[in-house]
Amino acid sequence: MQSAITGFIQLLRSHELRVSPAETLDAMAVATTLGYGDRARLRDGLALSLAKSAREEAILLRCFDQYFDKTLAGQADPAPEADPAAAPESPAPPQEEDATLLQEAAGEFPELGEALATPLLQQLLDNDRTELSLAMGQAAAASGLGNIRMFTQKGQYTRRMLDALGEDALRRAIIALEQADSPLLELLKGYSDNLREQVRDSVEREYLLQAEGHNRQFLDDILSRTRLNQLEQRYMDEVRELVRKMARKLAARHSRKPKVQKRGQLDMGRTLRRGIATDGVMFNTYWRKVRRDKPQILALCDVSGSVAAYAKFLLLFLYSLQDVLPRVRSFAFSSHLGEISELFREHPVEKAIELANWRYGGATDYGSSLEDFAELALNDINSSTTVIILGDARNNGGDPRLEIMQSVYQRARRVLWLNPESRRAWGSGDSEMLRYQSACHFAAECNNLQQLERIIDQLLRLNH
Amino acid sequence: MHTQDFPQLESIERIEQGFEALGYICSTKIATAVFLAFQLRKPVLVEGPPGVGKTELAKTCAELLSVPLIRLQCYEGLDEAKALYEWKYGKQLLYTQVLKEKLGDLLHGARGLAESVERLHQFGDIFFSEDFLEPRPLLKAMQQERGAILLIDEVDKSDYEFESLLLEILSDYQISIPEIGTVKARVSPMVFLTSNNSRDISDALKRRCLHLYIPFPTVELEERIVLSRVPDIDATLRHQLVAFVHSLRELDLKKAPAISETLDWARSLLLLHAGDLEEDLVRSTLNVLLKFEDDVQNAESGLGELLRAARSTP
Ligand SMILES: Nc1ncnc2c1ncn2[C@@H]1O[C@H](COP(=O)(O)OP(=O)(O)O)[C@@H](O)[C@H]1O
Ligand SMILES: [Mg+2]
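Residue numbers (the working numbering), protein chains in the order written: chain A, 1 to 464; chain V, 1 to 314.
Any given hint might turn out to be false.
[Stated by the list, open to error] Distance ranges between label pairs, derived from CB positions:
1) T152(A) / E20(V): 51 to 61 Å
2) I59(A) / Y75(V): 42 to 52 Å
3) A444(A) / E300(V): 53 to 63 Å
[Stated by the list, open to error] In the DMTMM-like style, the derived pairs of lysine to aspartate or glutamate whose C-alpha atoms are separated by at most 20 Å in a straight line are:
4) K91(V) / E154(V)
5) K157(V) / D38(A)
6) K249(A) / D131(V)
7) K91(V) / E56(A)
8) K29(V) / D267(A)
9) K88(V) / E57(A)
10) K245(A) / D131(V)
11) K254(V) / E346(A)
12) K189(A) / D131(V)
13) K245(A) / D203(V)
14) K29(V) / E346(A)
15) K29(V) / E445(A)
16) K82(V) / D159(V)
[To be verified] For the chain V half of the interface with chain A, some residues (derived, Cβ under 7 Å), not all of them:
17) T32
18) Y160
19) D200
20) L210
21) S228
22) P231
Source of the hints: derived by calculation from the structure; they are not laboratory data. Beta carbons: idealized from backbone N, C-alpha and C, even for Gly.
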């Protein structure tokens, strides 16, 4: 039954729930502790040990219902659910009449005799659901049904399942009856159709289980590599989730270890030593310093018309980042600049982005935006500050106020510029990028989510 | 904590019953979480909106087991000195003064500054022994003879740095104190962390814990909670008031009323000798349920309708 748990976890992973090996062990311990007898309890227990948020819980519960319906009925399973005596609808009485009719004709058709000797036809005739679903589970394993990914494979897997069940004997019997135009043909066909339907159902279910998860992964893959300005509105939900995931991943990877030794405490040695000078009387006490090394990130996002298509995503990313990392301050600008940290904190993401665009969107003026920035934050920039600027540096020919960038550059630990335009376009026309670049530690082209994530990851790694 | 010492937790049913006897009415899922936390010795991260009984769960557990409840309330800037331990520097100073004379003896015959310093170092060490240690909640929870319930409340209010400290401690229930060595829990405590979701808890910490999300209760459960906490209220009124609160939660509110507000309201209605949910009465007590003026206005605008529905729920 442990394989049921690993199978379930496989399924969760394909639905993007990250499950670590340690959690896999936890889940198994949970299943062992609670048992498989009480479905609702097992469901609660697995949710408690494997879901890490309300959203993950919802996904998990859905997967559980799909998966354990199948597993509890379909695989070697000692749980009472699979016990026919305990099943709510007890199986219909064996269709003895049909069996007798077929048995009598077996003398005439040797193929029919062979088919009747197979456990498969016996199970069908006895309507033995437990045995049948066990066989179905084994056939699924034998035919590698868990690998189904594309709907085009459904036919192929149905065929393999039927073969693995030993349906060929049944098939031959039907052909024999058909050729002889036997009145028993319809009767036997009824059983065969019933079987095929069940097999098709289980293939369909498995396809839904497997493909749904993989398609999602596939979609995320594509989305994270598409140029941001080409992402379609209809994918917004997916993108939002993806960005949140990235931001969370980054935050988890970069949440720092505490500096254990740096607590503020009495420095006994020093106090005693200094005390010697005053005949052992300790006039002065000495304290170990608490050194708080808290890197801070200031992020500036251009929301002007020329980058509008990108801005939405950059803001989305900032929003998520601020959500997961402490000490991120966000600013938006076009003709002027303002801080949007509060706005991010107070509003849900869609609303916040809309407000940021609305308040600070418009024609670009990097010069006066930098002025605003200097006024708001220059004094807070120090050697543990990282400044990130997201923008195309197209200034409509205005004064770029390079000197402000330079003083930011001198104070900050790191200044980073992410430009959605390709490097070749930097400096062309009204782009001030080459000049601004001289006041950055690092400037990069960034126009899809994957690049964005990679850059921020590097940045955070450098940060401490 | 050892399973054999606490038969109160031996099955999910017993936990449910035990909690109920103490006035805490919970869903099977909550009881399952407590059961698993105990059996598998894992901390539970309890999430959910404010006022759904997260803190109360830990308190009730301590009561049920008759072990101390040790609570660490988190806030921004909470550090090790407040969470783990601190040196009693006052006592350290006092002792150095008292032992001043000894200092002369100690240094007597020392050749040169280097040797004096060396001797002083040795002398200094005794000031960093357990006698001078002030345990804070995390350390205290590990020193309890019979185990303890450690409640790390509102962990979402602490800094990320603090989370990594917690992670370290929750992985093996030991604390290393540089001056003394490693202190290991006598009996590992049962740990509850709560979060109101004001920010995401780090992935690593979540993975250490069982994750229990407590949503607002079902009507049925909430009626039982009211019955347990405000037993004197009339059955019909109880039924109606819970139905009304549930319909409020459907509205688009800044802050939906939680169990604590339902209970406060039930108590108010009892004090006012209410027999029925009369519109005027509800209007004048709405601020017990809703904390924002906007929300009150929002509810008032459709009050008649909401009340009719609440009164006529079967
Ligand atoms: N399941 C419950 N049974 C009985 N009382 C409850 C229950 N849940 C909450 N309460 C009551 O509601 C109040 C608020 O609960 P509390 O634990 O402080 O909420 P939280 O920590 O989730 O914000 C408490 O006074 C408690 O008595
Ligand atoms: Mg609380």
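| Looking back at the hints listed earlier, which ones does the structure fail to meet? | The structure breaks hints 2, 4, 5, 6, 7, 8, 9, 10, 12, 14, 15, 21 and 22; every other hint is satisfied.
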